[in-house]
Amino acid sequence: MAEALVPAGQEEAAAEETHLRHHFATPEQQMDASTLGMWTFLITEVLFFGGMFTAYAIYRNMYPGAFASTSRYMDVVLGGTNTAVLICSSLTMALSVRAAQLSRRKDVIRFLILTMIFGTAFLVIKGFEYHSKWVEHLVPGFNFSYEPVYYQQHAQILFFLYFCMTGMHALHMIVGLGLLTYLLVQSWRGVFHSNYYSPVEMIGLYWHFVDIVWIFLFPLLYLIGHRG
Amino acid sequence: MSAHHTPIPKVGTLVMVWAALIILTGLTSAASYVDVGEWNIVVALLIAVTKASLVVWIFMGVRYVTTLTRLFVVAGMVWLFIMILLTASDYGTRSWTYQAKPWANNPAHGLSR
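Protein chains in written order, with the working numbering: chain A, 1 to 228; chain B, 1 to 113.
If you are wondering where the hints come from, they were derived from the structure by calculation, not from laboratory data. It should be emphasised that the depicted structure is a prediction, and the values quoted were computed from it without experimental measurement. Each hint should be verified, as a subset may be incorrect.
Which bits of chain A does chain B cover? Going by a derived footprint, with three or more residues having C-beta under 8 Å, they are [what the hints assert, rightly or not]:
1. 32 to 40
2. 47 to 60
3. 78 to 85
4. 90 to 97
5. 201 to 215
Okay, the calculated bits of chain B under chain A, using three or more residues with CB under 8 Å as the criterion [to be verified]:
6. 11 to 20
7. 43 to 51
8. 55 to 69
9. 77 to 89
Don't be surprised by glycine CBs; every beta carbon is placed ideally from N, CA and C.
Using the sequences and the hints, build the whole thing.
What follows is the structure, encoded as structure tokens:
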């Protein structure tokens with residue numbers, strides 16, 4: 001069917017427009033393969049972060065009191081703001097993919113820039129939080145001291161997990177910003193249109209995944225023990 | 001030759017998901033100040049899973065992908081579940097068999113005293 005739509009001798013031009021590689025029959029098949037491949041990668045990421053979430057679950061179950069006591073050192077306002085910032089960035093990312101699907105080059109660029117602004121804002125806020133953790137002597141292994149003292153040992157485990165998990169998350173954000181920069185350059189050059197937008201879509205999947213990690217980190221790290 | 005056999009999402013749908021995610025963020029923050037004992041973590045995780053599902057289904061477009069890709073997504077969740085379940089079953093049952101000095105009350109060891 002697909003061949004019949006392209007007059008003889010124009011297959012190459014059509015393949016160039018859709019960036020169709022010779023080992024795929026149709027652009028649809030190529031797109032499905034990209035999506036499956038990206039999800040396979042994201043599942044390895046789920047299990048990578050999942051290891052840390054498992055460690056968190058085990059230690060929280062072992063030392064519930066110490067873990068709950070850390071909540072008053074967490075800034076819920078900054079954490080909540082960052083959650084909202086990331087959700088906004090996910091919306092602009094989804095809108096950017098949509099704009100690419102509709103060949104609206106300017107909208108793609110606009111929404112990519114907005115996504116990058118939200119992503120950067122997240123990292124800046126995170127930086128302020130890290131700074132205050134350092135000032136309050138809550139960096140495990142370096143200058144850790146904790147009130148109440150009898151929780152010091154076990155609260156340190158929570159802060160260790162906090163820095164591992166939010167640190168790996170922030171690293172993923174930085175990688176994401178790099179990928180968005182690449183998308184920005186490519187869309188500036190007018191590479192993407194309704195017949196070819198899979199890089200926007202795939203990097204979008206990555207960006208949403210990083211958002212989901214934070215959706216779990218926020219309640220688990222910031223909202224453990226406000227009650228009572 | 002069009003590549004967009006996947007339907008294009010409506011702006012309204014995307015904005016509604018965004019609004020739902022913001023509201024659920026407020027809800028989970030507010031709920032963290034209400035003590036329901038053992039259910040605290042359940043409520044927090046239920047809201048987080050709901051938010052994640054919205055992102056996966058609408059923003060990540062899993063509603064439009066092939067059955068094979070969907071199978072992969074579900075498989076990923078299953079592996080995660082296995083990892084957490086088996087690790088927890090290890091740590092959760094260690095105390096069942098733990099003795100400070102297993103040989104102390106067991107003459108068969110021949111090591112007592």
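Hints, verified against the model:
no.	hint	in the structure
1	32 to 40	holds (count 5)
2	47 to 60	holds (count 7)
3	78 to 85	holds (count 3)
4	90 to 97	holds (count 5)
5	201 to 215	holds (count 8)
6	11 to 20	holds (count 5)
7	43 to 51	holds (count 5)
8	55 to 69	holds (count 10)
9	77 to 89	holds (count 7)
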